[in-house]
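Chemist: Each chain is listed here by its residues.
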Amino acid sequence: MARLVLENASIDFPIFGAHAASLKQTLASAATGGRIGRETGIAVIQALRDISLDLRDGDRLGIVGHNGAGKSTLLRTLAGVYPPIRGRYFRDGTISSLIDPMLGIEMDATGYENISLRGLILGIGRREMARLTPDIAEFSGLGDYLNMPVRTYSTGMMMRLGFSIATAVRSDILLMDEWLSVGDAEFRQKAEDRLRDIVSNTGILVLASHSPELIKRECNQVIELAHGVQSGAQAGDPVAADPVPVPG
Amino acid sequence: MAAASSNLSRAWADWWDGTRNVELWWTLAWYDIVLRYRRSMLGPLWLTLSMGLMLLGMGPLYSTLFKVSMSTFFPHLTLGIIFWNFFTTTINDGCNVFIFAAPYLKHAEFPGSVFVWRSLARNVIQLAHHMVLYIPVAIWAGVAPSPRMLLFFPGLVVVIINLHAMSITLGIACARFRDVAQIVMSTLQMLMFLTPVFWFPESLPQRAHFILYNPLAQLLDVVRMPLLGAAPASGTWWFLLYFTALNIAVAAGLYLLKRRQLVYWI
Chain A
-13 MARLVLENAS IDFPIFGAHA ASLKQTLASA ATGGRIGRET GIAVIQALRD
37 ISLDLRDGDR LGIVGHNGAG KSTLLRTLAG VYPPIRGRYF RDGTISSLID
87 PMLGIEMDAT GYENISLRGL ILGIGRREMA RLTPDIAEFS GLGDYLNMPV
137 RTYSTGMMMR LGFSIATAVR SDILLMDEWL SVGDAEFRQK AEDRLRDIVS
187 NTGILVLASH SPELIKRECN QVIELAHGVQ SGAQAGDPVA ADPVPVPG
Chain B
9 MAAASSNLSR AWADWWDGTR NVELWWTLAW YDIVLRYRRS MLGPLWLTLS
59 MGLMLLGMGP LYSTLFKVSM STFFPHLTLG IIFWNFFTTT INDGCNVFIF
109 AAPYLKHAEF PGSVFVWRSL ARNVIQLAHH MVLYIPVAIW AGVAPSPRML
159 LFFPGLVVVI INLHAMSITL GIACARFRDV AQIVMSTLQM LMFLTPVFWF
209 PESLPQRAHF ILYNPLAQLL DVVRMPLLGA APASGTWWFL LYFTALNIAV
259 AAGLYLLKRR QLVYWI
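Protein sequence lines correspond, in order, to chains A and B. Going by our numbering, 99 is the number at position 113 of the first sequence; the sequence numbering is gapless. With positions in the second sequence counted from 1, the corresponding number in our numbering is that position plus 8.
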């Protein structure tokens, strides 16, 4: 039973610009009693404000909003990356994040080496990984190229490798930033089927997207972010308590 | 109170989760080394070779300058440079452990200690490649094998504990204050001359002995002396006992308080 909860969670990013981050300035402010406060005052970006969510098995949440509205920050917060400054975060169940399918790819290592390296990063045991590797290799369709260093790959081939590894495992909670679509026409169909399969098998899906059609197709509830605030009628309401059905 | 103690146990669990994931950090460290030399013919042997060339260049020169016999000076210098190099590269890498781990730390919840161990393991692998050089030097100089050499192993453990703690402290400090890495680098450059890496502590006048009480000089003693067939002074062990306790306390405190905030800074 997967569960993903945010209660009035807020995220602030301190911005240490050229003026604020250096030790000299901080020391200077201590020595001068903080009178040059303008220089040492740390600018803060309010990325998320009082976000509340309560997601359970079967929930498919879409996140919409303009660039910089806080979609990616919300995804990362749900992944457990950013602990909320205020409010609460709670998660139950394994999580898999497709935010960056290329995480930890080493350019000078071969495809096979990258598969096992990535397996370790994802926390999959060696035995499990040995079992999964032939599937990943076959699915990627890269054949003998898997024995070559990844730097020799084209961008499309690299994406195929990253995608094949990242989607090889199933988890209770799946986070995605836009619908992944990689490769040429033939691979694209395979990738689409695979993605469809893991999405339908996951307990909770959270999908950030700019495409209203996609959200309409995949999600059964939606929140809209504007300047880090849940906007519209659902602002402040927990979504699960009062799920907003997608029109149509 | 309950919140504070649960934060303590969470910080401990986080550190331990990373620490016991040996397979992950060892593999990452191994790839750091292997991939750097993959396209070269000699591979990681270059580590050994370039260090060997430096020692061959410096040994005869400095033994003449200092007017000491090569057979006493060369083993001292070899170990001095090898360990000093290990300390400084580990500490400098320590400054960047979390900054360089940003792609991972911003992607999912990783225990920070994984990346501290990765840096330490990478430097230990390098150290092993350099240590090979001491074998021919010791044989040539006629360093007699002695049971005291076994003291090297507890010495190395003390060194690793301290470097791990320093990497946590500096890694967090450098993520927040980007000047710290520069301060550390300059300080280490200066300390190289204030530490008996090249020269013998005995040639120091009595009134200047206080400069041997820099932690890196003491850490150097505790690994170098045993391999020269001598036992480090008991004062060295006591000094390091207090220093290690302080070092761990600072690192643990920072890890406890700033471990989760860190990701906002990188």
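What the hints contain is simulated information worked out from the structure, not anything from laboratory work. There may be inaccurate statements among the hints.
Footprint (simulated), chain B over chain A, 3 or more residues, beta carbon under 8 Å [what the hints assert, rightly or not]: (1) 44 to 58; (2) 80 to 87.
Okay, the calculated beta carbon distance ranges per label pair [to be verified]: (3) 116/A x 158/B: 51 to 57 Å; (4) 202/B x 165/A: 57 to 63 Å; (5) 203/A x 191/B: 53 to 59 Å.
Note that beta-carbon positions come from the ideal geometry of N, C-alpha and C, so glycine has one too.
Chemist: Each hint needs a verdict: does it hold in this structure or not?
Modeler: Now for the hints, and whether the structure bears them out:
no.	hint	in the structure
1	44 to 58	violated (count 0)
2	80 to 87	holds (count 4)
3	116/A x 158/B: 51 to 57 Å	violated, 39 Å
4	202/B x 165/A: 57 to 63 Å	holds, 60 Å
5	203/A x 191/B: 53 to 59 Å	holds, 54 Å
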